[in-house]
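**Student:** Here's the letter readout for the chains.
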Amino acid sequence: MLDILQARIQQKHRTMLWPDGPAPALPDRFAGRPRMDCAACDACGKCVAACPVDAITCRNGSGDDGAPPSSGTRTIELALDLGKCIFCRACERACERKAVTFGADFHLAASTREALIVRDAAEKFPPALVEKAREYFGRSLKLRQVSAGGCNACEADTNVLGTVAWDLGRFGIQFVASPRHADGLLITGAVSANMRLALEKTYAAVAAPKIVIACGACAIAGGPYAGHPEIHNGAASVVPVDLYIPGCPPHPLTILDGLLRFIGRI
Amino acid sequence: MTASSSELLAMSNGQAVDLSAIPQVPLAKFTRLIVQAAASGHRVSAMFADDAIDAGATDLYAILADDGENRLHVARTTIDGDRFESLTPQCPQVHLFEREIAEQFGLLPENHPWLKPVRYRASWREGRDAWERPAGQPIEPGTGDFYRVAGEQVHEVSVGPVHAGVIEPGHFRFQCHGEEVFHLEIALGYQHRGVEEAMIGGPGPRSVHYAETLAGDTTIGHATAYAQVIEALNHCTPPARAQAIRGIALELERLANHIGDLGALAMDVGFLPTSAYCGRIRGDFLNLTAQFCGNRFGRGLALPGGVGFDAEPARIADMLARLDVHERDVGNAVNLLWEAPSVMARFEDIGPLPTEICRQLGIVGPAARASGINRDVRQDQPSGIFRFVQIPVSTWESCDVFARAYVRWLEIQQSIEFVREQLQSLPDGEVRVAPGELAPDRLAVAMVEGWRGEICHVGITDHLGGFSRYKIVDSSFHNWSGLAHALRNQQISDFPICNKSFNLSYCGHDL
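Read top to bottom, the protein sequences are chains A and B. Residue 129 in our numbering is what sits at position 148 of the first sequence, and the numbering runs on without skipping anything. To convert, take the position in the second sequence, counting from 1, and add 150; that gives our numbering.
So that you can see chain A by itself, here it is in the shape it has in the complex:
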């Protein structure tokens, strides 16, 4: 008993103050929200070619999306789809002009697919999230997690939110053991053909009003498996999605930030 008390003293109180205090320090090499600098881009197309998941497009004048355009005119439009991006930074390494760089901002989540497209350095954050969510779930949000054809990294960093450092319960958010107890689903994975039926049944078992959160690149657009015949390219191909949390996997801070914005806590 005494050794347990002694351990308690050594291990200290660890729950972070964020969002009311400072956010935990992220590593200096963390790949957060990318910045697109169209003024620096010469439309060489190297970033487009380097991207393994076709997340980046570069349009020059009337050129087609994705095709490396010819340089010359200065109406270059760079766009990076955070939903497809696996944050491998291949585009950043490919670009000698630093038109694509990854910053340290962990705020990535958005409530529409369109808001996940990052276009220019000057743009604002995605718009505020659904007002109804605050009204219905602002003080209590119970989620059922469905893992459906990914690599288990998103699950791992979702689980982290339950540890003492993050203490998800203090926001009234909890993962529950039955869809009947849940207000919605948090889906990870690209939705494999083999999980489609189980996901549909789980969604049907949640009482309305219900929400769906797609967590991670796989759940948003298929991730590294996009286009495989064995998967469905994400949760939205099976159920309507209300919140997208990009990343491969998203950092726990990105997931928590997304959840808290969604329920209007920040």
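Each hint should be verified, as a subset may be incorrect.
Unchecked claim - The calculated lysine to any residue pairs, modelled on SDA-like cross-linking and capped at a C-alpha distance of 25 angstroms, are:
#  : chain 1 : residue 1 : chain 2 : residue 2
1  : A       : K27       : B       : P355
2  : A       : K(-7)     : B       : G616
3  : A       : K182      : B       : I317
4  : A       : K123      : B       : G616
5  : A       : K79       : B       : E580
6  : A       : K182      : B       : G286
7  : A       : K(-7)     : B       : H476
8  : A       : K191      : B       : I317
9  : A       : K27       : B       : G616
10 : A       : K27       : B       : A584
11 : A       : K79       : B       : P355
12 : A       : K182      : B       : H313
13 : A       : K(-7)     : B       : P423
14 : A       : K27       : B       : F459
15 : A       : K182      : B       : E306
16 : A       : K79       : B       : V583
As the list claims (entries may be wrong) - Non-contacting residues of chain B with respect to chain A, defined by C-beta distances greater than 12 angstroms in every case (computed):
#  : residue
17 : L265
18 : A285
19 : I317
20 : G410
21 : S575
Said to hold, decoys possible - Partial selection, computed: residues in chain A whose CB lies under 8 angstroms from chain B:
#  : residue
22 : F11
23 : C132
24 : A146
25 : G150
Source of the hints: derived by calculation from the structure; they are not laboratory data. In this text, all values refer to a predicted model and were calculated from it rather than measured experimentally. Where is the CB? At the ideal position from N, CA and C, for every residue including glycine.
Please arrange chain B on chain A, whose structure you already have, making use of the hints.
**Tutor:** For chain B alone, kept in the frame of chain A given last:
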């Protein structure tokens, strides 16, 4: 093993051999070689099929590990028809490999005792199906025969594919008599996303990302195995500094997962102090990996030709300082377990996996070492940094949940020591050399001791130097049968701690 060199080709981990140098033996000989090897204590690290040169024919390959001699042996036979005599009755550890061969290539292993699909997908070969299912008809996962016990008071408990926590999907059926489990059958395949299929024709821009996401919690283990396959096929040697960094990252991955598992085991027996502390300390070790590469799981770190990130002196000093703090925290948290009678009463004698069963099933990693088997790729088939620096192998004899927990604790201490030593003595120089084109018509084998155990990747190139076949064997592929066996005659309420004591990967199995 008494086989002559005309029957098997000897090679070592991280080596590539000419396809034409692999002897082609008749099926009867192939069977005898594998059965004899298994009987003399060797393991079947991989067994898989590939299209043979003759249309319609199938090559079967087996990678046999001779741990005593630190050698691997490759066996090959060609099957002309659509069936072959199953090896499983004589060599149980190939049972799942044969089911996989049946599923992927439509090749029937006759007299296999339990021939079911592995991942519930269509055959790779149009018109050839081992179960003669009609083409084009959807294949539902978790369907078909399940082992059933009949009789009064016998009942079946069915769980999954969606589980009650934040866990991967799988379907479990328990045949119970009261609270006692007579038999557990596990049906997987729900995480199947077609990675082996997509590797064919590579390497391409996604290949390394497939390797990194085979099992997200084993990013370094699988990415290192993939890198070693590429390096063997293009004769490139990563710089010494890169080898050391990969080793550090592999042990950090082991540390994070082992610590997380001990916390999860504590949680499942209701011992909250260790559960709470280890849950947090696991993150501390993930964050150490992120100091290297920005990502907690080590994405982008292990690459063909070396590593993607270097560490400057200030970064190393910072990591060493953090390591000291985390070491004190983890010792303080974990040692509470062994002092708490309530924990020990729940760990000891629960979920036994006898040593002999372990050998027969070909169990790997901490699960094997907890059944007294001295088996560790870092020692037995060393590659990379482990050829120069040995980590003592930790074993325990009691074969139960306690042993699987305690072996993890022993390994945690060894890994911390290794990481510290390597950080303090990183060789100078570059961290990456540019990998070139792959040699054509070769077979390369790479093995890594991931935190769950042996990971085996086999790459075969065609005449143009692209992958014509890429076989991936995650440790979980070997070990799921071990979990099922450990549940025999246990209380069904002990399933959670038995499960956590193995903590196997669904996605690594399902690919």
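**Student:** Hint by hint, note whether the structure agrees.
**Tutor:** Hints versus structure:
1. This hinted pair checks out: A/K27 and B/P355 have alpha carbons roughly 13 angstroms apart, not beyond 25 angstroms.
2. Taking the CA atoms of A/K(-7) and B/G616, the gap is about 54 angstroms. The hint is violated against a cut of 25 angstroms.
3. This hinted pair checks out: A/K182 and B/I317 have alpha carbons roughly 17 angstroms apart, not beyond 25 angstroms.
4. Only pairs whose Cα atoms come within 25 angstroms are accepted, and A/K123 paired with B/G616 is rejected, the gap being roughly 48 angstroms.
5. With a C-alpha separation of about 24 angstroms, the suggested pairing of A/K79 with B/E580 holds against the 25 angstroms cut-off.
6. A C-alpha spacing of about 24 angstroms is found between A/K182 and B/G286, which places the hinted pair at or below 25 angstroms, so the restraint holds.
7. In summary, the hint linking A/K(-7) to B/H476 is supported, as the alpha carbons are separated by about 13 angstroms, within the 25 angstroms threshold.
8. Between A/K191 and B/I317 the alpha-carbon distance is near 21 angstroms, which keeps this suggested pair within the 25 angstroms criterion.
9. Our distance criterion of 25 angstroms between C-alpha atoms is met by A/K27 and B/G616, whose separation comes to about 23 angstroms.
10. At most 25 angstroms may separate the alpha-carbon atoms for a hinted pair to count; A/K27 and B/A584 meet this at roughly 18 angstroms.
11. In summary, the hint linking A/K79 to B/P355 is supported, as the alpha carbons are separated by about 21 angstroms, within the 25 angstroms threshold.
12. Using a Cα cut-off of 25 angstroms, the hinted pair A/K182 and B/H313 holds, with the two alpha carbons roughly 13 angstroms apart.
13. About 12 angstroms separates the Cα atoms of A/K(-7) and B/P423, which keeps this hinted pair within 25 angstroms; it holds.
14. Distance check on the hinted pair: A/K27 and B/F459 sit about 21 angstroms apart at the alpha-carbon level, within 25 angstroms; holds.
15. Pair hint A/K182 plus B/E306 holds up; C-alpha atoms about 22 angstroms apart against a cutoff of 25 angstroms.
16. For the hint linking A/K79 to B/V583, the alpha-carbon distance of about 24 angstroms falls within 25 angstroms, and the restraint holds.
17. Against the 12 angstroms criterion, B/L265 stays outside the reach of chain A, whose nearest CB is about 19 angstroms from its own CB.
18. With 12 angstroms as the threshold on Cβ separation, the claim that B/A285 sits away from chain A holds: the shortest Cβ distance comes to roughly 14 angstroms.
19. A cut-off of 12 angstroms between C-beta atoms contradicts the statement that B/I317 is not in contact with chain A; the least separation is 7 angstroms.
20. With a least CB separation of 8 angstroms from chain A, B/G410 falls inside the 12 angstroms interface cut-off, contrary to its annotation.
21. A cut-off of 12 angstroms between C-beta atoms confirms that B/S575 is not in contact with chain A; the least separation is 23 angstroms.
22. Look at A/F11: its Cβ gets to within about 5 angstroms of chain B, closer than 8 angstroms, so that hint holds up.
23. This hint holds: A/C132 has a C-beta 3 angstroms from the nearest C-beta of chain B, less than the 8 angstroms allowed.
24. With 8 angstroms as the threshold, the beta carbon of A/A146 comes within range of chain B, its nearest partner Cβ sitting at about 5 angstroms, so the hint holds.
25. Here the hint on A/G150 is broken, as its CB sits about 13 angstroms from the closest CB of chain B, past 8 angstroms.
In this structure, the earlier hints numbered 2, 4, 19, 20 and 25 are contradicted, and the remaining ones agree with it.
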